[in-house]
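J.: What follows is each chain in one-letter form.
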Amino acid sequence: MYIVQIASECAPVIKAGGLGDVVYGLSRELETRGNTVEIILPKYDCMRYDHIWGLHEAYRDLFVPWYQSTIHCTVFCGWVHGRQCFFIEPHSDDFYFDRGCYYGCGDDNIRFAFFSKAALEFLLKSGKRPDVIHCHDWQTGLVPVLLFEMYQYIGMENQRVCYTIHNFKHQGFGGENVLALTGLNRPEYYFNLDRLQDNFNPFSLNFMKGGIVYSNFVTTVSPHHAWEARHTDVGYGLGHTLHVYQEKFRGVLNGIDYDVWNPEVDRYIPVKFNQENLEDKAQNKKSTARSPPLAGC
Amino acid sequence: MQDADKPLICFIGRLDEQKGVHLVHHAIYHALKQDAQFVLLGSATETGINAHFQHEKQFLNDNPDVHLELGFNEELSHLIYAGADMIIVPSNYEPCGLTQMIGLKYGTVPIVRGVGGLVNTVFDRDYDETHLPEQRNGYVFYQTDDHALEFAIDRAIGLWRNAPEEFDQLVVQGMNYDYSWNYPGKDYLEIYDLIRVK
Numbered sequence: 002m003y004i005v006q007i008a009s010e011c012a013p014v015i016k017a018g019g020l021g022d023v024v025y026g027l028s029r030e031l032e033t034r035g036n037t038v039e040i041i042l043p044k045y046d047c048m049r050y051d052h053i054w055g056l057h058e059a060y061r062d063l064f065v066p067w068y069q070s071t072i073h074c075t076v077f078c079g080w081v082h083g084r085q086c087f088f089i090e091p092h093s094d095d096f097y098f099d100r101g102c103y104y105g106c107g108d109d110n111i112r113f114a115f116f117s118k119a120a121l122e123f124l125l126k127s128g129k130r131p132d133v134i135h136c137h138d139w140q141t142g143l144v145p146v147l148l149f150e151m152y153q154y155i156g157m158e159n160q161r162v163c164y165t166i167h168n169f170k171h172q173g174f175g176g177e178n179v180l181a182l183t184g185l186n187r188p189e190y191y192f193n194l195d196r197l198q199d200n201f202n203p204f205s206l207n208f209m210k211g212g213i214v215y216s217n218f219v220t221t222v223s224p225h226h227a228w229e230a231r232h233t234d235v236g237y238g239l240g241h242t243l244h245v246y247q248e249k250f251r252g253v254l255n256g257i258d259y260d261v262w263n264p265e266v267d268r269y270i271p272v273k274f275n276q277e278n279l280e281d282k283a284q285n286k287k288s289t290a291r292s293p294p295l296a297g298c
Numbered sequence: 008m009q010d011a012d013k014p015l016i017c018f019i020g021r022l023d024e025q026k027g028v029h030l031v032h033h034a035i036y037h038a039l040k041q042d043a044q045f046v047l048l049g050s051a052t053e054t055g056i057n058a059h060f061q062h063e064k065q066f067l068n069d070n071p072d073v074h075l076e077l078g079f080n081e082e083l084s085h086l087i088y089a090g091a092d093m094i095i096v097p098s099n100y101e102p103c104g105l106t107q108m109i110g111l112k113y114g115t116v117p118i119v120r121g122v123g124g125l126v127n128t129v130f131d132r133d134y135d136e137t138h139l140p141e142q143r144n145g146y147v148f149y150q151t152d153d154h155a156l157e158f159a160i161d162r163a164i165g166l167w168r169n170a171p172e173e174f175d176q177l178v179v180q181g182m183n184y185d186y187s188w189n190y191p192g193k194d195y196l197e198i199y200d201l202i203r204v205k
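The listed protein sequences derive, respectively, from chains A and B.
Remember, the numbering used here sits 1 above the position in the first sequence when you count from 1.
Remember, the numbering used here sits 7 above the position in the second sequence when you count from 1.
Hints listed in this document are in silico derivations from the structure and should not be mistaken for laboratory results.
You may find that some hints are simply not true.
Stated by the list, open to error - With a Cα cut of at most 25 Å, we get these calculated DSS-like pairs of lysine-lysine:
| no. | chain 1 | residue 1 | chain 2 | residue 2 |
| --- | --- | --- | --- | --- |
| 1 | A | Lys126 | B | Lys205 |
| 2 | B | Lys13 | B | Lys40 |
| 3 | B | Lys205 | A | Lys249 |
Required output: the full structure, derived from the provided sequences and hints.
T.: Structure follows, in structure tokens:
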């Protein structure tokens with residue numbers, strides 16, 4: 002299978018929270034199982050370039066339609082600890098990804114609406130036609146909206162979307178300007194509770210809600226959290242939307258990276274151990290008490 | 008910190024409301040009251056919480072059974088996972104949670120609040136209703152009050168002191184779980200296969 006991940010983070014090159022670890026860890030596991038995986042990311046100025054191998058221009062003149070014009074982008078390709086990643090660099094006066102941070106700007110919604118659009122435009126123009134596009138969190142919630150309202154009519158009719166929600170707390174909001182900028186337009190169509198209109202604020206579009214409504218499958222990061230988000234207030238207002246789409250909503254537990262977290266091979270611990278020799282774990286307990294930061298008191 | 012024949016409880020993670028910071032604070036003092044040791048490795052994002060824990064650190068500075076390390080330290084976190092007997096995860100909100108899964112891999116018995124992904128990964132030794140005794144791997148409490156936390160910690164410390172072989176058995180049962188990307192990878196491929204155009 003051919004899978005493209007569209008995300009705002011991928012560890013260790015771009016890591017703000019758990020999202021980056023999931024994008025990297027899942028991609029590696031999918032490749033181990035014989036699938037082709039590519040990851041599309043913003044080309045932030047402040048990402049860890051020392052974790053990218055072989056960074057080069059992959060697509061020189063990508064013109065992404067934006068409002069009544071286009072934004073000229075260059076797409077770079079490189080490998081992050083074996084995963085093939087594409088980094089989108091827009092050349093505009095807005096400097097969307099040259100802010101010295103990943104998140105926390107007043108126009109984050111516009112920055113990631115642009116990223117979502119640019120990622121799809123890159124797939125379209127470069128002839129990439131994955132079986133599945135997997136996108137993550139509010140930053141890429143507009144990907145399935147744009148795919149099924151626009152891009153499927155201009156050459157991407159066979160792509161399907163899996164959308165994973167890592168944190169319901171941050172949902173991404175926008176107004177009519179987002180529709181005008183992305184070319185979706187038609188506010189009377191999208192400001193509808195069955196589409197993107199926020200469940201509380203009738204004057205706001207909710208990106209994460211768009212992701213839930215338009216994706217072919219929606220997941221969150223554990224089965225119990227899937228239940229909680231739908232039935233309690235930790236869905237932060239999206240519980241009813243999840244209820245409506247319960248047939249395509251499921252929890253899938255995240256994994257941890259056993260290359261990093263494994264007491265049999267861990268290079269940071271003095272005595273390696275496993276189930277067979279628990280007495281070696283006790284040696285580490287002594288080392289913990291005596292380790293420099295702890296021994297001081 | 009002194010090397011002593013006492014159970015060592017740890018907390019590793021961010022210190023904020025979501026992670027149940029008030030219960031982390033209580034766990035430190037309850038562990039000391041029960042003659043256990045406590046190591047904390049964490050960083051606060053809010054200045055008020057940071058100031059509070061800096062104060063605690065000063066206050067507990069001369070106590071040989073406790074250490075509070077405020078800040079990030081990747082290398083030290085590996086050592087603490089490997090060295091501690093138990094890890095507490097008293098979160099208010101935890102979509103998945105990683106520290107309990109790492110703890111299990113390192114034979115560090117998780118004591119967790121039953122929310123989010125913690126419910127799917129930690130099964131109470133004494134009270135779980137869905138897993139056989141030989142499949143259980145930790146301690147779970149549900150409420151956010153001090154007493155709920157104390158009850159779980161006391162059961163863990165009690166087993167460590169009074170039935171060390173049984174405690175070791177619980178440790179091994181936890182280490183036998185596979186929380187790598189192996190199963191999630193399979194789950195996602197099933198989903199992809201379900202939705203793709205064939």
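J.: Against which earlier hints does the structure fall short, listed by number upward?
T.: No numbers; nothing is violated.
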